[in-house]
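K.L.:
Taking the hints into account, I'd like the entire structure generated from these sequences.
Oh and the sequence shown: position 24 is 24 in this note's numbering, straight run, nothing missing.
For the record, the hints were derived by calculation from the structure and aren't laboratory data. Be aware that one or more of the hints could be misleading.
To be verified - Here are the simulated BS3-like cross-link-like pairs (lysine-lysine), alpha carbons at most 30 Å apart as the crow flies: (1) Lys238 / Lys302; (2) Lys247 / Lys292; (3) Lys208 / Lys292.
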Amino acid sequence: MTLNNTKPTHLQAHFIFSNHTMPTLKNKKSLQAHAQGKCKPETTDHRPKRATSANTGLAKIRHIQYSADSFVVNQSLVLRIKICGKIATFAKPQNVSSNFKETSMTSIFFYFFFATILTFTVGCKSQPVAKSYLLTSDEKIICDTLQIDTSIIKDIRQFNANKIEPFHYSLGKFITKDGEIESDPIFLKGLVFTETNSKSYELVFSLKDKFKEQGYNIFLLENNFNINNKLDNIGILKTTDKYTVLKQIATDGINWDITNDSLISIIKTFDKKYSLELIGASGDWCEFIIHKEPKSWTRFAKEVYKVCPDVVDQGAGTVQALADEMKKTKRLYFWWD
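P.N.:
See below:
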């Protein structure tokens with residue numbers, strides 16, 4: 001039996017038999033008795049090596065995704081329903097008796113009807129991976145030790161599957177045959193993990209507002225610009241104050257005689273004028289979103305160049321080019337080489 005629905009709907013379902021083997025049911029009466037648990041029919045073991053085996057108990061499925069929600073129709077069939085999708089096209093396995101549909105179709109259509117009502121009630125919204133993610137033992141230890149909310153890791157897992165570690169960072173590093181070794185690392189109450197350069201900012205922007213509501217700040221810690229396919233580092237600290245982040249990481253422009261305290265004073269001056277939001281910080285650079293646009297981008301660029309010449313001399317090339325770039329991106333970037 002095959003059901004089709006070519007139009008998009010808000011219901012997605014699939015059928016899967018509860019056992020790898022299907023009972024050999026001789027007639028309708030024995031089938032009904034089996035469904036009620038009153039007898040144990042003879043079974044023939046046809047354990048398939050592949051899901052496509054002729055004797056498999058798994059229905060042939062097209063355009064289907066898994067769902068954690070399940071509703072038992074009877075002892076031989078499980079109906080799994082996923083909201084916000086398409087009707088699955090499914091076919092009966094070859095070893096299913098035609099009598100089966102006579103006893104189960106009423107229940108099947110009942111649950112289809114139930115799922116349709118549920119869809120219109122709760123709306124079309126996919127369930128995030130975070131709600132079903134279970135922390136590893138190491139991740140639980142990190143959260144317990146640093147007093148980090150476990151929901152932070154669950155939210156990260158919606159976008160990233162890389163290893164999450166306690167926050168550590170060092171501007172200086174030794175290069176060895178086995179990789180990089182941090183020369184003088186700092187350890188803070190937070191987390192750090194890697195991400196590909198093409199996805200780093202997207203991840204930060206996806207989580208920054210939610211994390212701030214929970215008392216955390218997520219930001220790009222190391223931007224490696226995809227050089228030699230090296231991954232970026234993303235940091236999370238248990239604070240919402242950008243100046244605390246800059247202080248803890250000890251960001252400075254020491255090559256231009258700008259100490260950490262001096263840098264924070266500079267940022268506060270710009271913050272009052274342009275309402276800055278921190279999205280990146282490291283030992284010698286920091287980056288912000290500009291929420292309040294200046295009346296003159298050129299004048300603004302001159303102010304930036306005065307305290308951070310490298311963003312022009314080793315970056316944009318001219319003050320006007322810097323002004324045009326900031327106007328386009330709404331970003332303020334400081335870097336002292």
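K.L.:
Hint compliance check: list the failing hint numbers for this structure, sorted ascending.
P.N.:
As far as the earlier hints go, only 1 is violated by this structure.
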